[in-house]
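Visitor: This is what each chain is made of:
Number of protein chains: 2
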Amino acid sequence: MESPERIRNVARRVAKWHDAGHRMVVVPSAMAGETNRLIALAQELMPQPDQRELDMVTATGEQVSVGLLAMALMNLGKEAISFTGWQVPVLTDAAYTRARILSITGQRILDELDKGRIVIVAGFQGVNDKGDITTLGRGGSDTSAVAIAAALKADECLIYTDVDGVYTTDPRVVSDARRLKRITFEEMLEMASLGSKVLQTRSVEFAGNFRVPTRVLSSLTDPLMPLEEEVNLGTLITFEENTEMEQSVISGIAFSRSEARIMVIGVPDKPGIAFQILGAIAAAGIEVDMIIQNQSVDGIADFTFTVPRADYARAMDVLSSTVKQAIGARDIVGDAQVSKVSAIGVGMRSHVGVAARMFETLYREGINILMISTSEIKISVIIDEKYMELAVRALHKAFELESN
Amino acid sequence: MESPERIRNVARRVAKWHDAGHRMVVVPSAMAGETNRLIALAQELMPQPDQRELDMVTATGEQVSVGLLAMALMNLGKEAISFTGWQVPVLTDAAYTRARILSITGQRILDELDKGRIVIVAGFQGVNDKGDITTLGRGGSDTSAVAIAAALKADECLIYTDVDGVYTTDPRVVSDARRLKRITFEEMLEMASLGSKVLQTRSVEFAGNFRVPTRVLSSLTDPLMPLEEEVNLGTLITFEENTEMEQSVISGIAFSRSEARIMVIGVPDKPGIAFQILGAIAAAGIEVDMIIQNQSVDGIADFTFTVPRADYARAMDVLSSTVKQAIGARDIVGDAQVSKVSAIGVGMRSHVGVAARMFETLYREGINILMISTSEIKISVIIDEKYMELAVRALHKAFELESN
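If you read the protein sequences in the order shown, they are chains A and B. Numbered as in the numbering used here, the first sequence ends at 446 without a single skipped number. Numbered as in the numbering used here, the second sequence ends at 446 without a single skipped number.
Careful, some of the hints might be misleading.
Where chains are identical, the list cannot tell them apart; a pair therefore holds if satisfied intra-copy or between any two copies.
Below, simulated SDA-like cross-link-like pairs (lysine to any residue); rule was C-alpha separation at most 25 Å, straight line [unchecked claim]:
(1) 157 - 173
(2) 157 - 94
(3) 172 - 147
(4) 172 - 145
(5) 120 - 83
(6) 157 - 259
No lab work stands behind these hints, which were simulated from the structure alone.
Working from the sequences, and respecting the hints, build out all of it.
Guide: What follows is the structure in structure tokens.
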């Protein structure tokens, strides 16, 4: 919600759903820029902000939004009431700034719904068992929405966001990328974590764990468009295999441009090596994505993994300063100019040859594969960054994902 | 608190007191302009904002401040923890936007003080018995501070504000006005409600009812000034008669420029007239200050009262449209160019002749008195606005209030 005008549009849309007879619970995000403004203020006073106090401060962004949205709805003649996270309450653990939801008591929400009111709940936030305010971290409002939908056994959770759905790949890279009408939550999970930043992984996990049908759709459409049109917009995250006629083996091609690859070369192959390497990286707060350790033939192994490019220099420092010597590695080399491209689809489970088609496509384009990693429903490759767009376009075409 | 730099200064001052061995609870206000910004946002979405939702929104201003101040203190190496109103909890009635404090449970504050921590509590806000956020209205942060000081039986409540104490009158009108080192809470009550806007009436009432020694002092002094200097700054509101050598009968001359006087003339003098007039005014949300009804000699009375000048036109409308006819008044006339000047002092109780000296002074300056109203410790007169400064200066001099 960027402005009072945007809040009014949200209110118009919500009122339209309510007019059609739906019991509505709305979880707005903070106004645009507000969370960042509050974090910047906090950092000005304490460069590494205390996390409990940071949550105290940042939770206000959503609190302002719920009050404003309730008022915008009242101004349209609707009865509405807002709640903070602690008023619901949304009980979380005590991990400030990245708390996990433990339980949601929906009784007060249900009571207000029974009175015919529209209920507005502050997302992104909760309360721990000491009565302190916690926040859920990035994407927290989406997670709140899905969790509340689960707690209330809602028919559907609609996530209005800045994209109009999940695409077969990024339309900025492949112009004829196609919007998926449905996607399984497992595919969505892989899409999200692989860089199609439509919904944060945590909210997708929640939707999956609690089987909440969740639709991602654009907040920029006309709020007064007929409901029978709006219900067909976006992408519905479901829990069945895709049964659409147009189904293909692969649902989408995801990619992540800014990766870095680090190789720890010539490590004596004994138990604990992986732990010593990755333990040091994790202790530095760096997330590791793909990990490969090749078979040792002579008692000497190579250990390769990827990190976000922004953490590359720091990861190299950590390894060179202490780890290299501790584990007796011959060398540590890296490449900060790599990208990841993944083909994703639950159809992959029952279709052989997906990997073969992927590798053949890359071979025909002359793209060298630096790392490969597979799961039940995806195949990822690490390639030189300069070939990333080429690889995405070629794979999108090879798996026949284009529109029409 | 206007900016991060001001918050840092507050933190430095608090840390100094804590270093000297004091257990400190701090009640900061919202950052400058924040409450008005939030109210404007609300009004943009709902011209007459719903009061519950408005409190939901405006309470965030202080919540941000407490988190930021706690962090600023931690950045100075202090242990600090912040609480919202509902976390304390500060229990209030359900009168949104102007709630009254019912009780304060200080246990969580005391527990944290016992750990050596500085406790920061959000002022201006509380929670009602439904668990909804309430705010206390204008000056609410001061009221919160005094109420918390009372609940914790604090030695003293220090109110850092934008003036450096209570003066014998407004120094902008009388250049040699003198800062009072002490003032009784009854005098302070009269000073505040009469326009010396140092502390809101409600916080003074609270200080009086719970006998909280409260010092008003400037937030603009050097936060690192030696404590032995700082403890002599400002004005201490006490509960004993002033025993200072320099004591005079009158402590100060207060005034309120923007008053309006309304006379309901020729009213048949029967029971219920005052109620019918003032009931209609109160129903319109207009506050009435001085009220005079003169003795009826022939069954016909005049009824005179004052209202804030901003409400004058509306009050006249209310009376002319319905009340005049209902009560059979001959006429309703008003004067929107009057001011109120008051002499205040507990010393007045034991000294005859204060009124006489006041009226004589005004007479010698040729100032006509339009209304007179008296209480135990004050005498107020309504005069033509153009004589207001003259009256204040003359009375300040007549009661020997000037410095030295």
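Visitor: Give a verdict on every hint.
Guide: Here's how the hints hold up against the structure:
1. When the C-alpha separation of residue 157 and residue 173 is checked against a cutoff of 25 Å, the pair qualifies only between copies, where the shortest distance is 18 Å, while the shortest distance within a copy is 28 Å.
2. For the identical chains of this complex, residue 157 and residue 94 are inter-copy neighbours only, at 17 Å across copies versus 36 Å inside a copy, given an alpha-carbon limit of 25 Å.
3. Taking identical chains as interchangeable, the C-alpha atoms of residue 172 and residue 147 lie at most 25 Å apart whether they share a chain (16 Å) or sit on different chains (15 Å).
4. Taking the closest pair of Cα atoms, residue 172 and residue 145 come within 25 Å of each other both inside a single copy (15 Å) and across two copies (21 Å).
5. For the homomeric pair residue 120 and residue 83, the shortest alpha-carbon distance between copies (19 Å) is at most 25 Å, but the shortest distance inside one copy (36 Å) is not.
6. Within a single copy, residue 157 and residue 259 get their C-alpha atoms no closer than 29 Å, and across copies no closer than 50 Å, so neither meets the 25 Å cut-off.
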